[in-house]
Amino acid sequence: MLTLGEKIQTAPPLLPMLIEGQPFIDAQDELSVTEFMRKFGMPERINSEVFVAMAKALDFIDPDKLSMTVVLTAMNRFLNEDNGLQMAFLDGNQPDRVCAPMADHVKARGGDVVMNSPVKEIVVNDDGSIKHLLMRSGEEVVADEYVSAMPVDIMKRMVPKEWQNMPYFRQFDELEGIPVINLHMWFDRKLKAVDHLCFSRSPLLSVYADMSVTCKEYYDPEKSMLELVFAPCSPIAGGKTNWIAKTDEQIIDATMGELARLFPTEIAADDKWPSTKSQGPNGKATLRKYTVVKVPRSVYAAVPGRNKYRPGQRSPIPNLTMAGDWTSQNGGTLSSMTNDEMESVASKGAQWIKSTAQYK
Numbered sequence: 159m160l161t162l163g164e165k166i167q168t169a170p171p172l173l174p175m176l177i178e179g180q181p182f183i184d185a186q187d188e189l190s191v192t193e194f195m196r197k198f199g200m201p202e203r204i205n206s207e208v209f210v211a212m213a214k215a216l217d218f219i220d221p222d223k224l225s226m227t228v229v230l231t232a233m234n235r236f237l238n239e240d241n242g243l244q245m246a247f248l249d250g251n252q253p254d255r256v257c258a259p260m261a262d263h264v265k266a267r268g269g270d271v272v273m274n275s276p277v278k279e280i281v282v283n284d285d286g287s288i289k290h291l292l293m294r295s296g297e298e299v300v301a302d303e304y305v306s307a308m309p310v311d312i313m314k315r316m317v318p319k320e321w322q323n324m325p326y327f328r329q330f331d332e333l334e335g336i337p338v339i340n341l342h343m344w345f346d347r348k349l350k351a352v353d354h355l356c357f358s359r360s361p362l363l364s365v366y367a368d369m370s371v372t373c374k375e376y377y378d379p380e381k382s383m384l385e386l387v388f389a390p391c392s393p394i395a396g397g398k399t400n401w402i403a404k405t406d407e408q409i410i411d412a413t414m415g416e417l418a419r420l421f422p423t424e425i426a427a428d429d430k431w432p433s434t435k436s437q438g439p440n441g442k443a444t445l446r447k448y449t450v451v452k453v454p455r456s457v458y459a460a461v462p463g464r465n466k467y468r469p470g471q472r473s474p475i476p477n478l479t480m481a482g483d484w485t486s487q488n489g490g491t492l493s494s495m496t497n498d499e500m501e502s503v504a505s506k507g508a509q510w511i512k513s514t515a516q517y518k
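159 is the number of the first residue of the sequence shown in our numbering; add one for each residue after it.
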């Protein structure tokens with residue numbers, strides 16, 4: 159915890175954020191979190207006590223790699239928005255509780271949702287507008303309006319050669335996704351120390367939660383199921399090891415060792431996981447099963463100096479709208495609302511809109 163003196167020393171550099179708002183926040187994009195701290199005389203301990211956990215939770219990278227604009231934006235929201243500090247969980251798995259209702263909503267209004275149909279090429283007209291999407295199956299998909307929600311690394315490969323010299327699309331080259339690993343771990347008993355979403359200062363773990371407590375579908379009064387974000391997991395994110403290249407067993411062993419260090423009275427010594435061998439007799443919980451999901455390119459890397467390259471959602475192509483965390487928008491939910499409003503305007507007079515976000 160920060161001392162009273164450290165808290166007082168931390169406050170003045172943050173006052174411009176409250177007074178000037180977004181212009182001040184945007185102007186800090188050229189600085190990393192640690193550079194901002196030192197420029198404005200913040201105490202060094204605020205990095206280990208606060209900013210490490212914030213940086214890893216916001217973009218899965220260490221504070222010396224993260225743009226200060228990201229942290230200030232989050233802090234500004236926390237301070238100025240109602241319920242800004244509240245955390246909430248989906249009450250079940252995403253396919254059933256989010257994706258299926260959205261698909262049903264589209265279908266009920268005459269639309270269609272097509273899965274497992276990757277796009278091969280964006281085919282354009284002479285004026286640069288989209289003519290159709292050529293699918294790998296050979297099908298041609300024609301629409302009035304196209305919405306791309308592809309990650310930046312995929313979209314860069316899909317940009318037609320006719321667009322590649324346009325400034326709007328050239329700025330994509332300055333952006334890239336960050337690697338991240340997601341873990342699901344089932345234990346044979348309840349972990350009493352993890353009762354909500356935890357933001358970690360651990361060198362290996364970012365955020366984690368006991369889903370048997372926080373999520374209705376996974377509720378279990380007897381056994382815990384942890385969901386964890388393993389980050390930073392590569393040098394690009396500030397880590398020392400390329401964990402993406404490691405085996406699932408190596409990743410889980412490292413995680414078990416870290417959990418044993420964080421919760422010495424909970425995790426049992428287990429011969430299967432060498433990292434737990436130093437555990438004392440108090441720990442009882444053993445791992446029953448696990449799932450490891452590696453995402454080599456996840457959310458875009460919000461490193462210093464990159465915010466100015468994020469494209470607006472309305473592209474210079476008359477029938478293309480961009481979406482995704484790497485576009486210039488206000489977050490996932492607000493972004494979808496903005497995108498929907500843009501499409502309502504763009505499609506006046508159109509009989510239908512067909513969009514695709516399926517890719518491989």
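It is worth saying that the hints were derived from the structure and are not from the lab.
For glycine and all other residues, C-beta sits at the position ideal for the given N, C-alpha and C.
It cannot be assumed that every hint is accurate.
[Unchecked claim] Derived Cβ-Cβ restraints for the label pairs, each shown as a range:
#1 G470 / K319: 35 to 43 Å
#2 E375 / Y326: 53 to 61 Å
#3 E239 / V451: 28 to 36 Å
#4 H290 / L172: 34 to 42 Å
#5 Q408 / R203: 16 to 24 Å
#6 A169 / I312: 40 to 48 Å
#7 R419 / P325: 45 to 53 Å
#8 P476 / E279: 36 to 44 Å
#9 P454 / P476: 14 to 22 Å
#10 V272 / K319: 25 to 33 Å
Checked hints:
1. G470 / K319: 35 to 43 Å: Given a distance of about 22 Å, which is not inside 35 to 43 Å, the answer is violated.
2. E375 / Y326: 53 to 61 Å: violated, 42 Å
3. E239 / V451: 28 to 36 Å: holds, 31 Å
4. H290 / L172: 34 to 42 Å: For H290 and L172 the Cβ distance comes to about 50 Å; the hint is violated.
5. Q408 / R203: 16 to 24 Å: violated, 32 Å
6. A169 / I312: 40 to 48 Å: With Cβ atoms ~42 Å apart, the hint holds.
7. R419 / P325: 45 to 53 Å: Given a distance of about 49 Å, which is inside 45 to 53 Å, the answer is holds.
8. P476 / E279: 36 to 44 Å: violated, 19 Å
9. P454 / P476: 14 to 22 Å: At roughly 33 Å between Cβ atoms, P476 and P454 fall outside 14 to 22 Å, so the hint is violated.
10. V272 / K319: 25 to 33 Å: 26 Å Cβ-Cβ, so the 25 to 33 Å window holds.
In this structure, the hints that do not hold are numbers 1, 2, 4, 5, 8, 9, in rising order.
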